[in-house]
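Colleague: Protein sequence lines correspond, in order, to chains Z and C. Numbering follows this note's numbering, in which position 34 of the first sequence is assigned residue number 34; successive positions increment by one, without gaps. Numbering follows this note's numbering, in which position 39 of the second sequence is assigned residue number 1039; successive positions increment by one, without gaps.
One or more of the hints may lead you astray.
[Claimed, not checked] Straight-line distance between alpha carbons at most 27 Å, and here's what the computed DSSO-like set of lysine-lysine pairs gives:
1) Z:178 x C:1017
2) C:1053 x Z:188
3) C:1053 x Z:135
4) Z:178 x C:1037
5) C:1022 x Z:178
6) Z:188 x C:1017
7) C:1097 x C:1022
8) C:1078 x C:1022
9) C:1022 x C:1037
10) C:1021 x C:1097
11) C:1021 x C:1102
12) Z:178 x Z:188
13) C:1053 x C:1037
14) C:1021 x C:1078
15) C:1021 x C:1037
16) C:1022 x C:1102
17) C:1078 x Z:178
18) C:1097 x C:1017
19) Z:188 x C:1021
20) C:1097 x Z:188
21) C:1097 x Z:135
22) C:1017 x C:1102
23) C:1021 x Z:178
24) C:1056 x Z:135
25) Z:188 x C:1056
It is worth saying that the hints were derived from the structure and are not from the lab.
Listed here are the chains, written in short residue letters.
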Amino acid sequence: MGRMPAFNGDARSIKEGKKTMLKKPSAVLFAVLAVACIATAGCTVRLVSDYDPVTDSQLSDVYHATDALLTRMELLASEPTTARTACSPDQFAGDYQQIVSRLRLLGVRNAARDHNSITNEQLALLTNNIETLRKLQRVRYNQTQADTAGAANNGCLLTDELVPVRRTLDQTVTAMMKLELAKRDFRKGE
Amino acid sequence: MSLDAGQLATAMIAAAKGQLKKKWPSVREYAESEARKTAETLVMIERLSALGKISKEEADLLLQMQRNSANAVLLTVKGMGLLAAEEAINAAVGAVKTVVNKAVGFALI
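Isolated chain C, as found in the complex (with noise of 0.2 Å):
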């Protein structure tokens, strides 16, 4: 049996890295589109407060669900992050096992 570490290692950076270039697309096109309806509600508070229409006691109020709504956002990006580092993980854990049992001539694994 001829076991390369660096053959393995090369395999399992290319499964992980195939797995990121799947998932990572849909991460960041959800953290842009929330980016900008987040800058939206911004402006529409900012607005309001500037034409008199609510008070400042208000404005900091929306302020903060804004914030929290922001924040969990960004829990939402880190999730799935994540969830995307953790597949990659898997992915390069399961190429070790198509190498060694390659290597081997059987299902050692």
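Extracted from the complex, chain Z is given alone in its bound form (with noise of 0.2 Å):
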């Protein structure tokens, strides 16, 4: 089992002693295990779920339909003539529910999938930052008073402001379909 380093009654040399106990003994009962797993069912180890081709395409949906909100929001800011009612936030109910349908459908089905519990944390973010975009749509539209700078208000999300807004849309679906395709690509082979 290998040589103990000599006892002489302090802490130290106990840790010591344990962690040379410890070493050969894990990696033989490790081995017996794999042995008699491998005999027994031939098994594969899982720690995340299996690629979902669906949810992959369904993330590509919700990426589409995030897109087009966004660049919708992004002309209308551009467009120094935009009419306030333009920017109302009522003019896009139907763009967030279409977002916020399509999350839904991929929560169900991802809440049903083993070892998946990254991915459904994933869309609660992805959820939680559409319904962000939406607060902060109703807190520019409702802010009357030109901003500090002095530039007037028409209650459209400014330009600068859809930028940062875009970026974290974008790394959080990209986040979402790195892992899923991660679930594909790491696993090529087997």
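Quick one: dock chain against chain with the hints and give me the complex.
Modeller: And the structure:
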């Protein structure tokens, strides 16, 4: 089992002794378990859910809908003659409904899959981001005064403001797609 | 049949290490590039707020979105790490099969 360090009664040597005792037996134990595993079921360990092409495709749909929403906001922000009513949050209710309903569908599907807690957490974060964007739009619209830089406020999200919005949404969706594709690519050859 | 636990453990560790070496660079690369993007976005938000172009409430909402997206990235890094670990474990288990069959001289497993 390996030579134990000399015991002289102090806590450190007890700790060293324990470490030495544990090294070889845990490796042997793991090897025995591995043999038993292979012999009985030819098992493959799974720590993360399998790649799901439907989730992959539905994420793309969510991205398309989000991209369309942001593009619309960006066009309104870039037009100096945009009427205030064009940026009313009510004008975007349909867009948000579409995105949220796609997210719900994704949520239901992924909640049913094993070892899928990470994707489920990410879906919650993405959903929260869409809701926060909606709040942001309302906050901007309800601000009637000019901003301190002196620019008139027509109620639309600013072009500058939409840059970090797009970056964060892109980053969130990309993170989810990256993981989903990793589930496929890391396991190639299985 | 002579199966050496030490030899078996060595084969398993080598197989696991090989998998981790292959997969870990892509995980690290992703984590680093996303960290840079997060930092850039935070600077943007801070600048908009400092210039008075957005209110405090708007800045807070943008920061919340950024926090969510940073968490989503960290979850992906975690997931990719788990996938790499999974491949390492399965490679180690596969190495057991090879060593055992070689020791007994036929395909026992």
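Colleague: Could you run down the list of hints and mark each one as holding or not?
Modeller: Here is how each hint holds up against the structure:
no.	hint	verdict
1	Z:178 x C:1017	holds (23 Å)
2	C:1053 x Z:188	violated (49 Å)
3	C:1053 x Z:135	holds (17 Å)
4	Z:178 x C:1037	holds (16 Å)
5	C:1022 x Z:178	holds (17 Å)
6	Z:188 x C:1017	holds (18 Å)
7	C:1097 x C:1022	holds (21 Å)
8	C:1078 x C:1022	holds (17 Å)
9	C:1022 x C:1037	holds (25 Å)
10	C:1021 x C:1097	holds (21 Å)
11	C:1021 x C:1102	holds (26 Å)
12	Z:178 x Z:188	holds (15 Å)
13	C:1053 x C:1037	holds (22 Å)
14	C:1021 x C:1078	holds (16 Å)
15	C:1021 x C:1037	holds (26 Å)
16	C:1022 x C:1102	holds (26 Å)
17	C:1078 x Z:178	holds (12 Å)
18	C:1097 x C:1017	holds (17 Å)
19	Z:188 x C:1021	holds (16 Å)
20	C:1097 x Z:188	holds (20 Å)
21	C:1097 x Z:135	violated (57 Å)
22	C:1017 x C:1102	holds (21 Å)
23	C:1021 x Z:178	holds (19 Å)
24	C:1056 x Z:135	holds (14 Å)
25	Z:188 x C:1056	violated (48 Å)
When held up to the earlier numbered hints, the structure conflicts with 2, 21 and 25 and fits the remainder.
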